[in-house]
Amino acid sequence: MIRTLRFRRRLTVAGIFFLCILFLAFYFAFRRAMQLEGINQWVSRTQEVLGAIAQAQLNRAWLENEVWGYRETHDPGFQGQFQGDRRGLDDAMKHLQQLTADNPSQQRLLAELTPAISIYESLLEASMQKSALAKAVDSGSTAESLIDGRVDAQIRQLFDSLESAERTLVASRSQAVSVSARQTRHVILLAGLLSFSILIAAGHLIQREIMTRGRIEDGLHTAQELLGVKYEEQHAELDNVMEGLHEQIRARQKAEHVIRRLNEELEDRVRLRTAELQEINGELETFTYSVSHDLRAPLRHMEGFSRLLQKDQGDKLSTDARHYLDRIRSAATHMSSLIEGLLHLSRIGRQVPERKAISLQALAEDVRAELTQETEGRLIDWKISSLPEVQGDPVLVRQVLFNLFSNSVKFTRKQGRAIIEIGSKEENGETVIYVRDNGAGFDPLYADILFGVFQRLHREDEFEGTGIGLAIVQRIIHKHGGRVWAESRPGHGATFYFTLPSQTRNARFPETLIGVTA
Amino acid sequence: MRPQEFDILLVEDDPADAELTVLLLREARLANHIEVARDGAEALDYLFCRGAFASRRFDHPPRLVLLDLKLPRVSGREVLRAVKADVRTRSIPVVVLTSSNQDRDLVECYQLGVNSYIQKPVDLQKFQETVRNFGLYWLVVNHPAPAAAFSVKDSRRDA
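Top line first, the protein sequences correspond to chains A and B.
Numbering-wise (this note's numbering), the first sequence opens with residue 1 and increments by one.
Numbering-wise (this note's numbering), the second sequence opens with residue 1 and increments by one.
Take the hints with a grain of salt, since some may be wrong.
Away from chain A, derived, C-beta distances all over 12 Å, residues of chain B [what the hints assert, rightly or not]:
| id | residue |
| --- | --- |
| 1 | L20 |
| 2 | E35 |
| 3 | D59 |
| 4 | E78 |
| 5 | Q125 |
| 6 | F127 |
| 7 | N133 |
| 8 | N142 |
| 9 | P144 |
| 10 | A149 |
Quick list of simulated restraints, FRET-style, between CB atoms [to be verified]:
| id | chain 1 | residue 1 | chain 2 | residue 2 | range |
| --- | --- | --- | --- | --- | --- |
| 11 | A | E464 | B | H143 | 33 to 39 Å |
| 12 | B | R104 | A | A321 | 31 to 37 Å |
| 13 | B | R104 | A | H334 | 24 to 30 Å |
| 14 | A | A362 | B | D103 | 45 to 51 Å |
| 15 | B | R104 | A | T274 | 41 to 47 Å |
| 16 | A | S386 | B | H143 | 51 to 57 Å |
| 17 | A | H334 | B | D103 | 23 to 29 Å |
| 18 | A | E276 | B | H143 | 53 to 59 Å |
| 19 | B | P72 | A | R322 | 46 to 52 Å |
| 20 | A | P298 | B | H143 | 52 to 58 Å |
Hints were generated in silico from the structure; no laboratory data involved.
Computed from a prediction, not measured in an experiment: that's the story for all the values here.
All C-beta atoms in this analysis are idealised placements derived from N, C-alpha and C, irrespective of residue type, glycine included.
In isolation and in its complexed conformation, chain A is listed as follows:
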């Protein structure tokens, strides 16, 4: 860009320079030509002047001749010719006068010459008239001169002066013409040379520019080619990348297809499982319904009729018979409790726990109050320390506390002074609630089966029970997303621990299968 600008500037400068020189040369040549024309005019004027001088001298010679002719012949024809040539001489003189009007020195000469010519003519005329008279008298004295010799000499001298002055003028003017022509030649030559060099310079400049441009073009071309190659390379690379991409897309599509198929399979399986579960659930419902309705009736009959028998016929029965009836009745009652517990457990299993903020403190006090009747006459030291708020289902959590407290009450029965304590502690960022007693305790070997349904670690004649209470505790805690465990040593009491999501933590309750499908 800058280069092109510089080139253009240079070219413009050269062009202007070139035009200036051409104009100057032209102007100079024109002026010279004009000068030359003036000089030529001058030269031709001089030639004219010389011609007029010659004419005048010729007329003078003719006049003398006619005078001589008349003198000899007296032919009057000469007199007529004389008068004509005399007018011719006068005309020539007038012509000369006109031609040299701008030349004072010649005018001065003419001023001298004109009266001399007039005198000369008058003398010649007088000579002719004298000869006419003499014809009658003497026809012979031919040898004497026609006019006074001085006049003739003066005229000749004046004419010579005129002529030589004009010739000098011609010479000097011719000289000027040749000088001017030479100068013009030089100027034209110089202008030509200058123009030529400018042209050469411009040509050189243009050529150089062309070469530069050619080089640039070549460079551009090369660059273009290079670019082309690069483009090809990049295109190829892009093709590769695209191919890779396509492959990835294909792979992804394939993977998606597989995933979709797997999902479909999974969905099918889920549907199947759900259907199975629903079926099982339905069966379970029917089962519990049946248990609830049908299994209890026979027990009621056993209990009822054996009691009626005892009442009505008691005095007729032996001690053994009455004892057997007791056995039947207590068996029926026990089985009824078992069924009750099972149904309770199953009901809790189906329940989706609510989620509320619960004050454990208030709940514990409440449950203890509920147990007052059961613990009447017993010495129990309740220790309820400050308990936190937890998130959970108030009814179910109450059930947990009730079962654990009942357990403690039951297993401390043989202690003179029972201690039942409930408290909480922070452990690994979670709140652990514990219920501790100084009761019978259990063998830690069996701690794992403690929470199983119908699992009992004590003999019925030591501590009665169904083996459902702790199973219910565990189910409730698990439903809340918590954990439950126990520690004990036989004779050293037992401690039951459980965790519940605290108020600040947002643990989700695990939804049970039944809860989901119901």
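Assemble chain B onto chain A, guided by the hints.
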């Protein structure tokens, strides 16, 4: 057969249960007149005065219906539904007396308009107490609906 003799309709398919219940009711001297229906269909015939009970009249309803839920042919639930759906029988107190304490049963019965729901205890002494309590309440304490409440074919049209 004098209609007013039957103070209680006991709907119970289990003969042992029926015997026990009747025994306890009599023991409590609460009902001398107990009609026992062995299934739901029979109970409906009785309550709607049709079939074997066509001679019965709507304006002499039983003072109390003790209804078991699990019954052959027509379930106790259906009997309850029919009784509570009909304006002629709606005012009869129906007490469900059953072994079950399932939530499902409780919810359904109360939604159908049962007057009371009692689970039969296994323990005879408790059963005795229960019978005495509800019998006393429904037959002595509670004021029954007047006869006009049961012969209201016209009021049904007015409603």
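Going down the list of hints, with the structure as the test:
no. : hint                          : result
1   : L20                           : violated, 5 Å
2   : E35                           : holds, 21 Å
3   : D59                           : holds, 34 Å
4   : E78                           : holds, 15 Å
5   : Q125                          : violated, 7 Å
6   : F127                          : violated, 7 Å
7   : N133                          : holds, 17 Å
8   : N142                          : holds, 26 Å
9   : P144                          : holds, 29 Å
10  : A149                          : holds, 32 Å
11  : E464/A <-> H143/B: 33 to 39 Å : violated, 45 Å
12  : R104/B <-> A321/A: 31 to 37 Å : violated, 42 Å
13  : R104/B <-> H334/A: 24 to 30 Å : holds, 26 Å
14  : A362/A <-> D103/B: 45 to 51 Å : violated, 26 Å
15  : R104/B <-> T274/A: 41 to 47 Å : violated, 21 Å
16  : S386/A <-> H143/B: 51 to 57 Å : holds, 53 Å
17  : H334/A <-> D103/B: 23 to 29 Å : holds, 24 Å
18  : E276/A <-> H143/B: 53 to 59 Å : holds, 54 Å
19  : P72/B <-> R322/A: 46 to 52 Å  : violated, 37 Å
20  : P298/A <-> H143/B: 52 to 58 Å : violated, 38 Å
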